[in-house]
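Starting from the known structure of chain H, arrange chain Y on it as the hints suggest.
These protein sequence lines are chains H and Y, in that order. Sequential numbering from 9 applies to the first sequence in the working numbering. Sequential numbering from 9 applies to the second sequence in the working numbering.
Keep in mind that the hints were calculated from the coordinates and are not lab data. All the pointers check out, no bait thrown in.
Treat identical chains as interchangeable: a pair holds within one or across any two.
In the SDA-like style, the derived pairs of lysine to any residue whose C-alpha atoms are separated by at most 25 Å in a straight line are:
| no. | residue 1 | residue 2 |
| --- | --- | --- |
| 1 | Lys-98 | Ile-126 |
| 2 | Lys-128 | Glu-115 |
| 3 | Lys-90 | Gly-121 |
| 4 | Lys-50 | Lys-98 |
As the structure is a computational prediction, the values presented were derived from the model and not from experiment.
Single-letter residue listing:
Number of protein chains: 2
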Amino acid sequence: MDYPQLNFRHQINGEKLIIVIAQDYRTSEVLMVAYMNFEAFKMTLETGKAHYWSTSRNKLWFKGESSGHIQTVMEILTDCDKDALLLKVKQEGAACHEGYYTCFYREITNDNGFNLNIIKEKIFEPEKIYGEK
Amino acid sequence: MDYPQLNFRHQINGEKLIIVIAQDYRTSEVLMVAYMNFEAFKMTLETGKAHYWSTSRNKLWFKGESSGHIQTVMEILTDCDKDALLLKVKQEGAACHEGYYTCFYREITNDNGFNLNIIKEKIFEPEKIYGEK
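Same shape as in the complex, but just chain H (with noise of 0.2 Å):
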């Protein structure tokens, strides 16, 4: 099988990477962002699901996998420079591992001084899908 040539050109600890966006394919809200080596990409298109690289654990990671919180990839898009990709997904759960449907769930406002403030609401509590700490 051919795959579409891409530009991993992002390294982390000797891992070639592409920036891997995953939008929601109904409401367009952005869930999260990842890197994807190229196996992550491939098991990515051959599956449907969403695969990354844990560039914390340094291993594949298929999202969902423990959670049940998988990725239905129904889009793929790639950028001019090929070196990230926008997947549009069916997401299940939240893609969050804090319980957030996004992981963009705090803004930057400048209320004399810059500040986080939460905007989103908890969806899951984290402990009942992960185990304690």
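Just chain Y now, kept in the frame of chain H:
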């Protein structure tokens, strides 16, 4: 002035960076992904116009400085790891230097093999904005 503590964990050529996604604040279309170093982050907060770190030119990049295609920042969100930003922007002209409103103008489709298909319309001719190559 105090700035929110972010995790500039992505390193390219020794520069410490965060990933930044720019999204149209009205339509929620994802326009581009790039990096910021601390200086670009500070300039973006202070001016309200998107500044990035150009990893190809190794310099601060005021988006639209030469083309006029600036991004006015309407909202800034950060993610659970604080190593990425989501900018909701009002885009002048087009985000992509190739003449498309978004850098994500190609879709990866599977028609007996994976192909890249252009799915957006060009809204300007790059030569007219950036000069002949």
